[in-house]
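Using numbering that gives the first Met the number 0, you'd call the opening residue of the sequence shown number 0 and step up by one each time.
It is worth saying that the hints were derived from the structure and are not from the lab. Glycine included, C-beta positions come from ideal geometry on N, C-alpha and C. Possibly wrong hints are sitting among the right ones.
To be verified - The calculated label-pair distances, taken between Cβ atoms and stated as ranges, are:
hint	residue 1	residue 2	range
1	Q152	A320	46 to 56 Å
2	H118	A328	45 to 55 Å
3	L489	D446	12 to 22 Å
4	V309	V470	44 to 54 Å
5	P235	L489	34 to 44 Å
6	G211	F454	43 to 53 Å
7	L489	A313	52 to 62 Å
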Amino acid sequence: MPPDPHQPPAGSPEAVRLAHLEARLARLEAHLGVPAQSDAPEPAPVPAATADLGPPAAATGADDEFEFEVGQNWFAIAGILALALGAGFMLSLPHARLPAAVPSLAGGLVAAGLFLLAHVWRNTFELVAGYLRGAGLALLWFATLRLYFFGAQPVLSIESLAGRAPLALAAGFNLVLAWRRQSPWLTGLALLSGYATAIAVGSAGFVLGSVGLLAVLTVVVSVRAGWPRLGLVGIPLGYGTYLLWAVGNPFRGGAFHLATAPAAAPAVLLALAGIFATASLLRPDRDREDAVPCAGALLNCGLGYFLFLVHTVAASTPGLAAAHGLAFAEFLGLAVVFWLRERSRVSTFLYAMTGYAALSVAIMKASAVPEVFVWLSLQSVIVAATAVWFRSRFIVVANFLIYVAIVLAYIFVSKAETGISIGFGLVALVSARLLNWQQDRLELKTDLMRNAYLFAAFVVFPYALYHLVPVRFVGLAWVGLALFYYTLNLLVRSPKFRWMGHATLLLTAIYVTVVGTSRFGPVLRVLSFLALGTVMLVVSLIFTRLRSRPGPDKPG
């Protein structure tokens, strides 16, 4: 075969470099499992009948990959977990014939063996080595716990400060080792051993101090290492540990009861809420709000304030109103920080609504029925104002639903109308005007929520007047209400108030026709019809006059 004119001559520097390059490519192909290319001609295509006899190559590769996933990963996890559980069950047996410290020493030796084996296999079996380290962490902590529990006689006393030291040191060793390995799942396991240490000790000071310290460590590690999901895992661990302590620590055999001492213990929950919120505030990618910070805010607000509410109310904490006022200040402050720092939508909404809930609890504790509904309705105006500042449509919608719930609760609870419903109507009007004033700031595409507030006022005002004035004067009172709406229309130039006046006049006409003809006396019946007819005629004349004028004087 004649030599290729494009190939360099044999023995030349170019040929040597080309040979070295082909050798390196061959080694790369062998390492990656890519079949080497050959200069031989391609084989003839396989007939269709023959090709159908074998499975497709892609399907075979996928099956092989799944088989390797099961055999390599799943079996490794299951096998090491089974070994760790078996060793744990072995340590939990009494072993009455052995010296009390022998089971713990044996467990420590096994844990050391697991660490050594993981070190030896760190390169050849990296995946299995990681699981062995996790089993070693858990077994080391459990072997230390065996010094205090499960035996016929404890080796150390968990009640003394010196006796607690080995268990705390074991948890600390786990944290240090996990951090040095830069493994998020090992760090999570080490944090779990730290919280479990707090539950094992059980004293109020140790538990409350430990959950605060571990929460700080969780935030620091998650931010420095860039593990946001670790911070997400730390939230239920911290609040769950507090819950177990607050209900009597059932893992230590305590009877179910709510801890009442120390009285300031619920303040730890507020501290935890602030600490866990810091993890989201310090994350590097604050320009976007993905699922992790949103889930963190939801867990922090839901678990944190729910536990705070249940513990303070059920334990009859002194100064309940002041405690929830403090919670309101903290959660609303966090909402402000989230808004100023990263223009967050979801986190701002969650922290703000949690703060408003705390303020509602404080108001309900500090006020009696029915005066409490006055303060709750005024709170609705404050919430609407802050919603405008936060540019949050979510808060506006939630605030309206809460406002409706307050009105319905007042209707069902109050035995007699005292004029509070008038306040409800005024709150609805003020909220509607506030939203109309700042509709561009809220980025509302429709006036649905403003119409909802105006409709609430349209319903509440007639209801209040119906119960406040004698039955024979209800029609006249509603006529006055219609005139009030027309006056508002002249002041703010809003056709919505004009339509509210029209609807109120129609409602008055129906009432006077149905009720006035049967229940009013002759004089009052005549007076009601004359007043209603006069007002409706005057309104008609005004509209006729305005219709004849061109330009802006026409009703909008």
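Discussion item. Is 12 to 22 Å respected by the C-beta to C-beta distance linking L489 and D446?
Written reply: holds, 20 Å
Worksheet item: Between H118 and A328, does the beta-carbon spacing fit 45 to 55 Å?
Response: holds, 51 Å
Worksheet item: Regarding Q152 and A320, is the given constraint of 46 to 56 Å on their beta-carbon distance met?
Response: holds, 50 Å
Practice prompt. State, for the Cβ atoms of V309 and V470, whether the hinted interval 44 to 54 Å holds or is violated.
Written response: Once the Cβ atoms are compared, 46 Å apart, the range 44 to 54 Å for V470 and V309 holds.
Discussion item. Verify the CB-CB distance for L489 and A313 against the hinted window 52 to 62 Å.
Written reply: holds, 54 Å
Worksheet item: Given a hinted range of 34 to 44 Å, is it respected by the beta-carbon distance of P235 and L489?
Response: This hint is violated: roughly 58 Å between Cβ atoms.
Fill in: CB-CB spacing for F454 and G211 relative to the 43 to 53 Å hint
About 48 Å separates the Cβ atoms of G211 and F454, which means 43 to 53 Å holds.
In the structure shown, a violation is registered for the earlier hint numbered 5 alone.
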